[in-house]
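Chemist: Here is how the chains run, residue by residue.
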Amino acid sequence: MTESLLLRLTECDSLQEIRVISLRNQQLTGCLKTLAKCENLTIAYLQGNFIQEKDLMHLQSFSNLKKIDLSDNSITSLPPAKVFTGLSQLKFLYLHNNNISNWSDLQALVGIP
Amino acid sequence: MHLTLFSNPVCSIPGYRHFLVNSIQSLLALDNFVITDEERIEDASFGYRFRGLNEFMKLHIPDYTKEKSAEQHLFNLEVDVYRLRRIFERNSPSVLIQSLYRGYRSRNYVKIYFNERRQKIMKIQKIARGFLLRLKLKKDLKDMLRYTNEEHLMMSNVELRKRAAARRIYETMMEYHVKKETMRRRIAAALKLQTYYRMRYVKNTSFINALQLSKYPRIYILKEQKPIFIKIVKKLMPLFEDKHGIQFEDLMECLKEDKKYDTIRVTEPDMFPRKPLPLVQFTKPIHGNFKVQYNKSLPPDKFADPNFTLRDYIFSDDKPWTDAALKILTNRSCHFNMEKLQKTLEGLKKNPFINQFVFQDQYKDFLVFEPPRLDIAITICFSVLDYNRAVNIHEDQQMILFFERLLERVAAIAAIKNAFKAYKWRQSRAQLPIYEIIEKRAANCIQSIWSDWKIKKRMIALGNIKRHVDRIQSNTLYIEQSIYQNLNEIAAKIHDQYRFTEQSVMFDFNPHTYQIHMQVQENIPQDGSVPGRYSQISVPRWFNLALKVPDFLATQNVNNLLALFHFSVGDCRVVPST
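Protein sequence lines, in the order shown, are assigned to chains S and W.
The numbering of the first sequence is our numbering, which starts it at 1 and goes up by one.
The numbering of the second sequence is our numbering, which starts it at 114 and goes up by one.
Hints were generated in silico from the structure; no laboratory data involved.
Since the model is a prediction, treat every value here as computed from it, not as a measurement.
Please note that a few of the clues may not be correct.
As the list claims (entries may be wrong) - Just a few of them, taken from the derived set where beta-carbon distance is under 8 Å, the chain W residues facing chain S:
no.	residue
1	THR117
2	SER120
3	ASN121
4	VAL123
5	TYR129
6	SER136
7	HIS173
8	TYR177
9	ALA183
10	LEU187
What the hints assert, rightly or not - Once the Cα atoms are required to be at most 30 Å apart in a straight line, the calculated DSSO-like pairs of lysine-lysine come out as:
no.	chain 1	residue 1	chain 2	residue 2
11	W	LYS181	S	LYS37
12	W	LYS372	W	LYS339
13	W	LYS339	S	LYS33
What the hints assert, rightly or not - Some, not all, of what chain W presents toward chain S, calculated at C-beta under 8 Å:
no.	residue
14	HIS115
15	LEU116
16	LEU118
17	PHE132
18	LEU133
19	HIS186
Each residue gets a CB set at the ideal place from its N, CA and C atoms; glycine is no exception.
Given these sequences and hints, build the entire structure.
Modeler: Here you go:
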């Protein structure tokens, strides 16, 4: 997942313009690193992919994100709590149908403001 | 904040929901249910309605809808947030208690406020209604006063003054207009009176000028009124003798029979409508090419014949009137076209009211009096006027004078009428079908003459050609090269047929006599070839000369010719020169 591909898909001139992105069932493994450059991203539909824990580390830079759908991914564990503190605008966080099994992951969610 | 974690292994750990509800401050809903106060506050219970994981608390996780645009997605996000908050607020007991209390307080406050406002509104209404009523009453009063013409009772001093001024102005204006109108009528009446007076004066005096007696110094009278005229002239004789030294005989010489105007007698002179000025009454004079139709064959004594039954035809009962009319006719010594007259009279008998004009014949009815001096004519005119005034119209005839100017006019009118009638008649005739036939026949004649002429020309031309050909002495025929080439082609084409089918006239050189023989191709040749196209038409019959059979071998100087045409008995051959 590169920046140019992203621009081509959304038909935008720059990454700053992207506010809504839908990448459902695309079998992506690491796209958040690229998406982190979209400063104004508000809604992200990412269900049905193969996003993993180390990719989730990039979540802390999504300051304007209001809704993110990460269901039906193969997430086994969540990043530490400090990652979630950056998501000040977040209203909807969908994590169902994943493989989170540790209690410590729930404690990480406490970081949600 | 809405978080979903169901279908994860971690969900099966007991106390998972309790932990998350109490640890995340902003969390409003977890998985499929909204978090209630009962879950937050320890050991609290608000009854079934507000219990946790209730069916009221169930939350629908919005699907990924296939909105077209990103704007739609963003809008739906806002809607979802609002919906989440609403479900929480409606089902949270603490929020409910707060809202109820606030509602109660605000209603209380509003009640006091509304009471005050209502009183103020009523006050305003009272004042406004009073004002409107007074206004209406005032208007009604004014209307009433206007009906009874007592408007001035309501007026202020200024208005009253203005009204009085307006009335004064109006009255003055009316007075002025009435005066003006009266004056106008007086003037019109005076003018009319003047006109009538002047007209009367002119009628009685200046008809001489109107009739231009100085230009046409002739007076016409009817033959039958000659005695009256002589009577009038005799009365005037002493005056003339004194003034001009003219004798009666001299004047009588001036009275001659008129040859200029014929008349068609319309009515008897007595039947003229009587007018206050009988001098200018008309008959219908005919003048110019129109001839008088006398029936010369009728003997003059025919009129005196006792068998003549004109009386029976014209006049039935009224004997004295008939006598008078016949006497007039006798005086005039007129001749009649009896046939015509009879026809007219029969028509009159059938339809007496329409055919008033009995006499269609034309007469020399006038005597012309050409006095030596204009004064005499004028004097006579005036005396005739006096005579006519004095005469008793029921017993005697009035003297009728005719003036040349009027007669000329009448003659012109009659001529125009006749010309127009003739034109109309010719026009009506032009529409007859016989004229079409005549036109067609004329066209045919022209065409036949033209075609005859063309044939004649053609004959002459052919004769000329024959004459020229006769003059040829040599048996050598020189042909232009281009013609020769054409001849070759033609010869090649017609070799089988042995004939020039396009040529109607054939030439042959006889080597012994040096003559040219021409023959019209008339009959279909025996060998079946097609005859010439123009053989029947183009050459006249006298061209048909006897064909003399040339001897093929006898032809000399064969080699000198470019081409030779040889005739044998039934056909011709073309022999190209070698």
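Chemist: Next step is simple, just say for each hint if it's right about the structure.
Modeler: Against the structure, the hints:
| no. | hint | result |
| --- | --- | --- |
| 1 | THR117 | holds (4 Å) |
| 2 | SER120 | holds (4 Å) |
| 3 | ASN121 | holds (4 Å) |
| 4 | VAL123 | holds (5 Å) |
| 5 | TYR129 | holds (7 Å) |
| 6 | SER136 | holds (5 Å) |
| 7 | HIS173 | violated (13 Å) |
| 8 | TYR177 | holds (6 Å) |
| 9 | ALA183 | holds (4 Å) |
| 10 | LEU187 | holds (6 Å) |
| 11 | LYS181(W) x LYS37(S) | holds (24 Å) |
| 12 | LYS372(W) x LYS339(W) | holds (17 Å) |
| 13 | LYS339(W) x LYS33(S) | violated (150 Å) |
| 14 | HIS115 | holds (5 Å) |
| 15 | LEU116 | holds (5 Å) |
| 16 | LEU118 | holds (5 Å) |
| 17 | PHE132 | holds (6 Å) |
| 18 | LEU133 | holds (6 Å) |
| 19 | HIS186 | holds (5 Å) |
The structure fails to meet hints 7 and 13 from the earlier list, while all remaining hints are met.
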